[in-house]
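**Q** Throw the hints in and build the complete structure from the sequences for me.
Number of protein chains: 2
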Amino acid sequence: MNFSVAEENYIKAIWHLQRYHDDVTTNLLANQLHTRPASVTDMLKKLKTKKLVHYEKYHGFSLTTEGKKIALGVIRRHRLWEFFLSEKLKFDWDEVHEVAEDLEHVSSKKLIDKLDEYLGFPKVDPHGDPIPDNQGKMETSSSICLDQLELNRSAEVSGVGNQSTELLELLKHKNIRIGTKLEIKKRFEFDNSLEIKIRNTPAFTISEQLAKNLLVKHGK
Amino acid sequence: MNFSVAEENYIKAIWHLQRYHDDVTTNLLANQLHTRPASVTDMLKKLKTKKLVHYEKYHGFSLTTEGKKIALGVIRRHRLWEFFLSEKLKFDWDEVHEVAEDLEHVSSKKLIDKLDEYLGFPKVDPHGDPIPDNQGKMETSSSICLDQLELNRSAEVSGVGNQSTELLELLKHKNIRIGTKLEIKKRFEFDNSLEIKIRNTPAFTISEQLAKNLLVKHGK
DNA sequence: AATTAAATTTAGACAAATCTAAAAATTATT
DNA sequence: AATAATTTTTAGATTTGTCTAAATTTAATT
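Chains E and P are the protein sequences, given in the same order. Residue 1 is where the first sequence starts when you use this note's numbering, and the numbers rise one by one after that. Residue 1 is where the second sequence starts when you use this note's numbering, and the numbers rise one by one after that.
Source of the hints: derived by calculation from the structure; they are not laboratory data. Honestly, I wouldn't trust all of these hints.
Identical chains blur together in the list; that is why a pair holds if it fits in one copy or across any two.
Said to hold, decoys possible - Dumping the calculated EDC-like pairs for lysine to aspartate or glutamate here, alpha-carbon to alpha-carbon at most 16 Å:
1) Lys88 to Glu117
2) Lys109 to Glu95
3) Lys88 to Asp116
4) Lys109 to Glu87
5) Lys110 to Glu95
6) Lys217 to Glu95
7) Lys197 to Glu156
8) Lys90 to Glu117
9) Lys114 to Glu95
10) Lys90 to Glu189
11) Lys110 to Glu98
12) Lys90 to Asp113
13) Lys109 to Glu98
14) Lys68 to Glu208
**A** Below, the structure is given as structure tokens:
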């Protein structure tokens, strides 16, 4: 199936927002795309009928498996072109994005696979962002320590700093497991404690010590 | 100024048709673009208000100087991308056109000038068609003998076979000069005489001998 | 819990580019 | 020169993507 430039831009924008926010909202997306909330609603209805997004009125949305596949295709094209512009045409680091925004919508699969080969199958673009291969697979961003996570950026718990029963007891009490999605809502300077929000539950705070023992991966 | 993909495609198509026909007509263009005559009329009104075409209702049209400039820009992009696809990405000769049809509408001037430089300022594309430089100039196709001109293909007289007074007298009588635009409407097998049409004048025939002494350049 | 505020959706309109069918103009033919 | 045939244009609709303004729903606050 083939998608319009507008559709591809919406899908790509949702994909990017999903990495930072579990629930993508209408206003957020409208702001990202420099468009109006009403336009977002219209487009989302359309993307829903095409089964590219999960979407329930008034309750945000997220990409379906198929939607993610489309997004990764666009992102692959974008990042390969960025690499080309920077590496071959000697564009400055800060000029590549804008041009790649246009090139990414030229959707010949053969073009992109041959470009990939010509460039030597690069793994990351000039900004260090990973380039999906022709199967849509890419280097996953590695885990970071929870206390280094940006405010309001959603992440998924991927590991613990140690295996002590004390730590595990505390985690159990706070209902934190591997796979738990959370974000930091506030950072208290006084003791570096963090206010944490897990979806569908009230916010609560955790100590600096605990934060330093939790590994998280950025969303997606 | 910036033009839509549709506008660029119309301008490019008119440019191509102008090389073969002095007067581009609605049906001709509709056929070239796989669209309907009514759509052509609509778009031409728009291109006229933008001063890209000369156009009088029911009387055909042609590009203005500005229109030609736009056309040459699109053609430059198209042919540079064709060269890139063929030379760098190893596309087959017959695959490049289709992909270049999309790439040609990415209109960053910097992109194209850098691509040109990267490719070593090629003079012709893989089909042998000349690539305009960043000033819109390109190798002019060289003159051919009038008796080798295709039927109904417009051409411009660019030179004469000799300087004899007899020849010049005949040319004067027939109102043919350097710069005269004409096309061959019919070729008579009996004596290889040619029926010639000059714009706005009745058709007339010339002898094989005369045809062999006239040099013409294909239109544009 | 009721009210206010914020976010989201609907309703209706618009511009770009296209189409079909009918009308008008041009060209060709008798 | 009048009529027939062809070409071109107009009129009115359609699709895509967008907008504003009003209505609705959800979330926040007192």
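**Q** Now look at each hint and say whether the structure bears it out.
**A** Evaluation of the provided hints:
For the identical chains of this complex, Lys88 and Glu117 are neighbours both inside a copy (14 Å) and across copies (11 Å), given an alpha-carbon limit of 16 Å. In the homo-oligomer, the alpha carbons of Lys109 and Glu95 lie at most 16 Å apart only across protomers (13 Å), although the nearest pairing inside one protomer, at 25 Å, exceeds that limit. For the identical chains of this complex, Lys88 and Asp116 are neighbours both inside a copy (13 Å) and across copies (12 Å), given an alpha-carbon limit of 16 Å. For the homomeric pair Lys109 and Glu87, neither the shortest alpha-carbon distance inside one copy (21 Å) nor that between copies (18 Å) is at most 16 Å.
Only between protomers do Lys110 and Glu95 lie at most 16 Å apart by alpha-carbon distance; the minimum there is 10 Å, versus 26 Å within a single protomer. Proximity of Lys217 and Glu95 under a CA criterion of 16 Å is satisfied in neither setting, with 29 Å inside one chain copy and 42 Å between copies. With identical chains, the CA atoms of Lys197 and Glu156 are at most 16 Å apart within one copy only, with a shortest distance of 12 Å there and 77 Å across copies. In this assembly of identical chains, Lys90 and Glu117 lie within 16 Å of each other by CA distance solely across copies; the values are 11 Å between and 19 Å within a copy.
Taking the shortest Cα distances, Lys114 and Glu95 sit within 16 Å of each other only across copies (13 Å), while inside one copy they are farther apart (23 Å). Proximity of Lys90 to Glu189 under the C-alpha cut-off of 16 Å is found in neither arrangement, the shortest distances being 44 Å within a copy and 59 Å between copies. With identical chains, the CA atoms of Lys110 and Glu98 are at most 16 Å apart between copies only, with a shortest distance of 12 Å across copies and 23 Å within one. When the C-alpha separation of Lys90 and Asp113 is checked against a cutoff of 16 Å, the pair qualifies only between copies, where the shortest distance is 12 Å, while the shortest distance within a copy is 21 Å.
In this homomeric assembly, Lys109 and Glu98 come within 16 Å of each other (Cα to Cα) only across copies, at 13 Å, whereas the closest approach inside a single copy is 21 Å. Neither within a single protomer nor between protomers do Lys68 and Glu208 lie at most 16 Å apart by alpha-carbon distance, with minima of 35 Å and 67 Å respectively.
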